[in-house]
Amino acid sequence: MPLNPTPLFELERLHFAYSRRPVLNCQRLELPAGQAIAFVGPNGSGKTTLLKLLNGLVGPYQGTVRFAGRPLPGNAELRRRSVYVHQHPVLFAGTVRSNLVYALKLKKFRGRELEERLQSAAQRLGILELLDRTAPHLSGGETQRVALARALAIGADVLLLDEPTSSMDRASDLALRDILITLKKDGLSLLFSAHDDSLVAGLADLVCLFDQGKPEPLVPAGEHYR
Amino acid sequence: MTHSTRRILFRRGVVLTLLCLLVAGPLFAFGDKATTPPAVPTPENPRVRLATTTSTDNTGLLDFLLPEFTKDTGYTVDVVAVGTGAALTLGQNADADVLLVHARALEDAFMAAGHGAVRRDVMYNDFVIIGPAADPANIALSANAVEAFRRIQASGAIFVSRGDNSGTHVMEKSLWQRAGVNPAGEWYREAGQGMEQVIIMADNMAAYTLTDRGTWLAVMERSTLGIRYEGDSLLFNPYGVITVNPAKNPAINAAGATTFLEWLTSPRGQQLIAQFMINGKQLFYPSYRE
Amino acid sequence: MGALRHSLELLFSGDREIWWTIGTTLQFSFWSTVLAIVPGVPAGAALFLGRFRGRRALAATVNAIMSVPTVVIGLFVYSFLSRSGPLGGLGWLYAPAGVIAGQSILAFPLVIAMTYTGLQKLDPRYHETLLTLGAGRWRRLLGILKEGRFVMLQTVLAALGRVSGEVGVSMMLGGNIRWYTRTITTTIALEAGKGQFERAVALGVVLLAIALIINMASHLAVRDAA
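Protein chains in written order, with this note's numbering: chain A, 1 to 226; chain B, 1001 to 1290; chain C, 2001 to 2226.
Only chain A is shown next, with the shape it has when bound in the complex:
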């Protein structure tokens, strides 16, 4: 076991408030790489805000957040490697294919490489047959898979997922869980919020309990369930 490797995320004396109402307070938290980490807590406890904050989508805040050793604002590596996926993701106008192409073009992929990445991501998420559909004609589970494919296609290896299996029927829930387990095995870091124990139990390596904006120290999933 390597001695104290650089954590994926480090939070120090973090304080974040939406118009003076405190949402997040955290003295110190380290999130290791290559793990599936579940943020568990009731609605409104700050899980979604933390995931967005880790992706640089909300701010400004007090304190320090580092990704791979470097502070967040203007961290190019974070932008390149991590993608945040909404609880109910949105797709842009057009087909599933055009959504993937748009994201790939943002990252300057062109021609054959673009097509290969598109096909490979679509295959991993099982959405090859959806490529020509448009956003309004997709179910919640399908939309979630397209959003994940969009993230994988552009090479993200840190996925920040907000309640990824909520409002899905049982079958798509299980299918998505299997996909996420495969992604974890492929070495991706998965940070996700949930209050659904089946997803936490089946996927998480580590659990972080939330209590009114205060994340508690990480515990291994096994201990959490004892």
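Mixed in with the good hints, there may be bad ones.
Said to hold, decoys possible - No more than 30 Å apart at the CA atoms, straight line, and that leaves these computed lysine-lysine pairs for DSBU-like: (1) A:Lys214 x C:Lys2146; (2) C:Lys2146 x A:Lys185; (3) A:Lys107 x A:Lys52; (4) B:Lys1071 x B:Lys1173; (5) C:Lys2146 x A:Lys184; (6) A:Lys214 x A:Lys105; (7) A:Lys184 x A:Lys108; (8) A:Lys52 x A:Lys184; (9) A:Lys108 x A:Lys52; (10) C:Lys2121 x A:Lys184; (11) A:Lys52 x C:Lys2121; (12) A:Lys52 x A:Lys105; (13) C:Lys2146 x C:Lys2121; (14) B:Lys1281 x B:Lys1071; (15) A:Lys52 x A:Lys185; (16) A:Lys184 x A:Lys105; (17) A:Lys185 x C:Lys2121; (18) A:Lys108 x C:Lys2146; (19) A:Lys108 x A:Lys214; (20) A:Lys214 x A:Lys184; (21) A:Lys107 x A:Lys214.
Keep in mind the hints are simulated off the structure, nothing from the lab.
Fit chains B and C to the known structure of chain A by using the hints.
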């Protein structure tokens, strides 16, 4: 195609059509540039801006004269119709090239201050006092215009004033002064509008007002008022044309202004002024003397 | 009722001046809207996307400017365009260019404010998705405007409505010059004042029709967006 997509496409079609209509409007307008047809002479700077009184515009005199002027000289005249006071201010600010106004004292002051280059008499008509048919102030019995004004004030009838420092307003104020009346109070209404507007207002209030005869003849058939006093030599109403001093601003179309002044005082311009009639009545009398 | 019929007969009796006036009004409105939209929409979007100090104060200021009466704007622009003013050399006073300049200045804050508030009403997930996928500032601007195209359409229509129906600027800067700068509204003001109501009513009907068309299109745009 599903029903819902067809409906969305239909709505898009409607939105697009409406937008096209809005955008196409301008193109139609471009196609039908109904401005005056191209004339034989083509001056270097073909637009002359004339600041004038509402009386020359509202009577239709300019609509009668200007096409002829354009035919003869190739100049198009942009008419800004305001009161004499405002027209002189436009000249002072160099925002007009030539003025056609009627307030001799103000015109002389304008020339004395160096704002104008050339001033010439053009034409005259006269002012009349109009009022309701009942003539509640009995001004028809007046010996002169000053007495008529005194009678209006004494009777308590309403008087509508232009209140815009126009030539008519200047004349009206001088009459009040001669009558020794301070025009203020419930009976005295300052409109701040053009002559036609004021006549319409006076009609609606069954009030008296002072107007130039030209505008009155043009509005007469739309009004229930009538001339209640006329004929005093004090009510003489001379019009002058003034070219704005081109030294004030290089943007002034001096050539166009001079052409207009010369044309208006030429035998042809003077003859046309005399020919202008409404319902068989002559409105203006040419008065240029070399 | 007879008067109204007479007015409508005037419209369809091939009276060239009436149709010229309508065409001129549409022409002025079209160009001033274009000139207000081109800088106004990006400015509104920048106000929405920007993260600078005093952004809210700026947005409030724009909103306040929007309620400045048209004659005040007319007076302000007049003082610049007068030959004795700083921009007198342009020769725009009492010319179409002056009306168009004044009307675009009139519509400019409206366009900024409508773009800004319109984008605020847009689902924030679109912007967050663009951000997390690594879209740069311009890409985000374009992406947001594309997703908010119905907002933009509404903005354009509102600007058209504002400039086609205003009288203060057209009167003061155009001078109501026949066959040159006379518009629907200045004609109405002139003719009604002279007691010639037929022409005024006929043009009033046209103005009403234009306003109705604009409102209908705007309404359809909202329904399409939903």
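For each hint, the structure was consulted:
1. For a cut-off of 30 Å, the pair hint linking Lys214 of chain A to Lys2146 of chain C is broken: about 38 Å separates their Cα positions.
2. For the suggested pair Lys2146 of chain C and Lys185 of chain A, the alpha carbons sit about 38 Å apart, so the restraint of at most 30 Å is broken.
3. As the CA atoms of Lys107 of chain A and Lys52 of chain A are separated by approximately 21 Å, the hinted pair is consistent with the 30 Å bound.
4. For the proposed pair Lys1071 of chain B and Lys1173 of chain B, the alpha carbon gap of about 40 Å is over 30 Å, so the pair is violated.
5. In summary, the hint linking Lys2146 of chain C to Lys184 of chain A is not supported, as the alpha carbons are separated by about 35 Å, beyond the 30 Å threshold.
6. Only pairs whose Cα atoms come within 30 Å are accepted, and Lys214 of chain A paired with Lys105 of chain A is rejected, the gap being roughly 39 Å.
7. A C-alpha spacing of about 26 Å is found between Lys184 of chain A and Lys108 of chain A, which places the hinted pair at or below 30 Å, so the restraint holds.
8. Distance check on the hinted pair: Lys52 of chain A and Lys184 of chain A sit about 20 Å apart at the alpha-carbon level, within 30 Å; holds.
9. This hinted pair checks out: Lys108 of chain A and Lys52 of chain A have alpha carbons roughly 25 Å apart, not beyond 30 Å.
10. Note on Lys2121 of chain C and Lys184 of chain A: the hinted pairing is violated, with a Cα-Cα distance of about 37 Å set against a maximum of 30 Å.
11. At roughly 20 Å between alpha-carbon atoms, Lys52 of chain A and Lys2121 of chain C fall within 30 Å of each other, so this suggested pair holds.
12. Among the hinted pairs, Lys52 of chain A with Lys105 of chain A is consistent with the structure: their alpha-carbon atoms are about 24 Å apart, no more than 30 Å.
13. Straight-line distance between C-alpha atoms of Lys2146 of chain C and Lys2121 of chain C comes to about 14 Å, which keeps the hinted pair within the 30 Å bound.
14. Restraint check for Lys1281 of chain B and Lys1071 of chain B: the C-alpha separation of about 26 Å stays at or below 30 Å, so the hint holds.
15. Between Lys52 of chain A and Lys185 of chain A, the direct Cα distance comes to roughly 24 Å. Compliance with the 30 Å bound is thereby established for this hinted pair.
16. At roughly 26 Å between alpha-carbon atoms, Lys184 of chain A and Lys105 of chain A fall within 30 Å of each other, so this suggested pair holds.
17. For the hint pairing Lys185 of chain A with Lys2121 of chain C, the CA-to-CA distance comes to about 40 Å; that exceeds 30 Å, so the pair is violated.
18. Using a Cα cut-off of 30 Å, the hinted pair Lys108 of chain A and Lys2146 of chain C holds, with the two alpha carbons roughly 20 Å apart.
19. Pair hint Lys108 of chain A plus Lys214 of chain A does not hold up; C-alpha atoms about 39 Å apart against a cutoff of 30 Å.
20. For the given pair, Lys214 of chain A sits about 26 Å from Lys184 of chain A by alpha-carbon distance, which is consistent with the 30 Å threshold.
21. Restraint check: the Cα-Cα separation between Lys107 of chain A and Lys214 of chain A comes to about 35 Å, which exceeds 30 Å; the hinted pair is violated.
Hints 1, 2, 4, 5, 6, 10, 17, 19 and 21 from the earlier list are contradicted by this structure; the remaining hints agree with it.
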